[in-house]
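Fit chain B to the supplied structure of chain A, relying on the hints for placement.
Those protein sequence lines, which keep their order, are chains A and B.
So the first sequence is numbered by our numbering: it starts at 1 and just counts up by one.
So the second sequence is numbered by our numbering: it starts at 1 and just counts up by one.
Do not take every clue at face value.
Given that identical chains are not distinguished, each listed pair holds provided it fits within a single copy or across any two copies.
Simulated crosslink set (SDA-like; lysine to any residue; CA at most 20 Å straight-line) [claimed, not checked]:
| # | residue 1 | residue 2 |
| --- | --- | --- |
| 1 | LYS112 | ILE22 |
| 2 | LYS113 | SER19 |
| 3 | LYS285 | GLU190 |
| 4 | LYS41 | MET110 |
| 5 | LYS183 | ASN100 |
| 6 | LYS58 | CYS114 |
| 7 | LYS112 | ALA39 |
| 8 | LYS58 | MET110 |
| 9 | LYS215 | GLY12 |
Bear in mind the hints are in silico, worked out from the structure with no lab data behind them.
As a plain string of letters, each chain reads:
Protein chains: 2
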Amino acid sequence: MPGIKDVARRAGVGVATVSRVINNSGYVSEETKDKIEKAMKELDYMPNELARNLFRNKSGIIAVLVPALEHPFFSEFVNQVESALHEKGYKTMVCSTAKNSEYETEYLQMLKKCVVDGIITGVHSLNVDEYLINDMPIVALDRYIDDRIPIVSVDHRHGGIMAAREFIRCGCKKVVQLQGAKKVQSPALERHEYFQRELKKAGIQVYTYEMEWNKFDTEYFAQVVKEVYDMYPDADGMFGTDLVAMLFEKYALSKGRKIPEDLKIIAYDGTYVTDMAHPSLTKIKQPIERLAKEATRIITRAIDGNAATEKNIYLETVLIRGDSTRV
Amino acid sequence: MPGIKDVARRAGVGVATVSRVINNSGYVSEETKDKIEKAMKELDYMPNELARNLFRNKSGIIAVLVPALEHPFFSEFVNQVESALHEKGYKTMVCSTAKNSEYETEYLQMLKKCVVDGIITGVHSLNVDEYLINDMPIVALDRYIDDRIPIVSVDHRHGGIMAAREFIRCGCKKVVQLQGAKKVQSPALERHEYFQRELKKAGIQVYTYEMEWNKFDTEYFAQVVKEVYDMYPDADGMFGTDLVAMLFEKYALSKGRKIPEDLKIIAYDGTYVTDMAHPSLTKIKQPIERLAKEATRIITRAIDGNAATEKNIYLETVLIRGDSTRV
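Next up, chain A with everything else stripped away, as it sits in the complex (with noise of 0.2 Å):
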């Protein structure tokens, strides 16, 4: 393939001269970069783009670190991403953390060799003192870090309120809800305790179950599933995120339980799969483009050098009805 130096030979201008066109850096007359250009046609050059990127010192690649690529909230959080970082010019570099808790020290190490620009951390992982690296552009979906690292979320304590007074409009006396683990310091376990707090002031029992912490498969899911309503055969209410909520529903309708009627379900997210539910289920859901896009515009200021002024987001869910909750 040609390089640079057969560009400058059939021009008849210098190498800087070309790589100061190829870099939009300095002055060059329209006259010559009119020739270069014209070299470059010629000879079909492709510029190296790791040699200007290390000119630049910036790679153009931003890491979007979740813990399990495949799960709905995710891929659709990836997918609106990808899409929002390549408006910007930003290519998308993806990594599952869940399976190995090296992956996300590499990452960070990476963004220390600019491999990277930017992290966009959505992982649910505990070393939180690995990201306090000054200066660095990181942002955190749904997770709480440091001060210095800006958080895009949801209001999930309004989430959790709105889905509570939904269970106390249905009537229902008895509503077991299902969490991740309370070891993550993330504002998403706020609903719970807004959700049991508002049950509470309204004389309903509430029983929450935890789950294990970076488990996203659904095999797991049917187990807990499985072992919560075993518990509570009883419970006339079921608040839990997307796959949880529909495998609940599953279940219940195995066991010849009649939805809406017996039981009553919320699924919390609203991702693409609560689509496939029958009865259709009730869902808070969650701004995923928005999400996404906040995301995009904070690391990407933060990479211009502007991550100071930047502030958390907490952006609105909204409930939508379907039969699950139906009276």
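What follows is chain B alone, placed relative to chain A:
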């Protein structure tokens, strides 16, 4: 941050010697190496990976292109590929291409520019000519591009025949199948051809509905399902990919049909979303983890210069019986 010059100064050696140690190239005595490594540690020196990549003319990054990242088949595939590539020391870059046909071309340019070392492409675009770049590491998932580009796929023909025989076993008389756009050159389409042939041989009516190109959202799928169901309300068998099969089951149930009594359903792909279906779906399951491992094996070998010996890979699917074809 300290640079290579600072390391050289502290170790009392030349910059070129430090560079040889960083890039593990050329002879450096053990004693000098120790001095340099000590200096790196003391200075907390982090080599600029971009500079190293330029030296090796490798980025260590492989791009995985799929039509829609949030689609369960592709999100499972990307998740498995990312794991497999990680084990081989590669990072994964992703792109959803259905939203913009320019993106595919852009990634092929990036391959030429050394931003990525190889491409695993599962996209459904139509511009095959652009892929005909000599000696570039490219692997196709489920897609015919050119004799020089190896395919990783399953034996879709056998998958289609297995599904047909299951409907025959159930005594179905009128079966509908929903398939992807015929203009895409994909082995996946062959299952529908073989499915139809097998059923016709047994004297069973088959109606085939061709879906639009590159549409993967549940809204579109739901609309198509309604259209097909209303067109053939007396069909007693239905064959389609996971989301389409689940939505068909849901729509049929909402119309008061009993499954499997009135209608048998078989889902193709067998991703995790089918675990949520009630009644449970019979499925033809693709070995996604193995597809990912084969794609990874071929692409990494091609990058190492062993492309020529690679052959197309066709793995076996399995039929997993659920309640939707119970007799």
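**OP:** Can you give me the call for LYS41 and MET110, within, between, both or neither, at a CA distance of at most 20 Å?
**Re:** between (35 Å within a copy, 17 Å between copies)
**OP:** State whether the alpha carbon distance between LYS215 and GLY12 is at most 20 Å within one copy, between copies, both, or neither.
**Re:** neither (62 Å within a copy, 50 Å between copies)
Subject >> LYS285 and GLU190: within-copy, between-copy, both or neither at 20 Å Cα >> reply: For LYS285 and GLU190, the Cα distance is within 20 Å only inside one copy (16 Å; across copies 38 Å).
Original post:
From the Cα coordinates, with 20 Å as the cut-off, is the pair LYS112 and ALA39 best called within, between, both, or neither?
Top reply: Answer is between: at 18 Å across copies they meet the 20 Å cutoff, but 37 Å inside does not.
**OP:** Check LYS112 against ILE22 for me: Cα-Cα at most 20 Å, and say if that holds within a copy, between copies, both or neither.
**Re:** So LYS112 and ILE22 pass the 20 Å test across copies only (16 Å; inside, 26 Å).
Subject >> 20 Å Cα threshold - placement of MET110 relative to LYS58 >> reply: both (12 Å within a copy, 15 Å between copies)
Subject >> 20 Å Cα threshold - placement of ASN100 relative to LYS183 >> reply: Classified as within: same-chain Cα gap 18 Å, cross-chain 41 Å, threshold 20 Å.
Original post:
When no copy is specified for LYS58 and CYS114, does a C-alpha distance of 20 Å or less occur within a copy, between copies, both, or neither?
Top reply: both (7 Å within a copy, 15 Å between copies)
Subject >> Alpha-carbon proximity context of LYS113 and SER19, limit 20 Å >> reply: Intra 24 Å, inter 15 Å, cutoff 20 Å: inter-copy only.
This entry does not satisfy hint 9, going by the numbered hints stated previously; all others are met.
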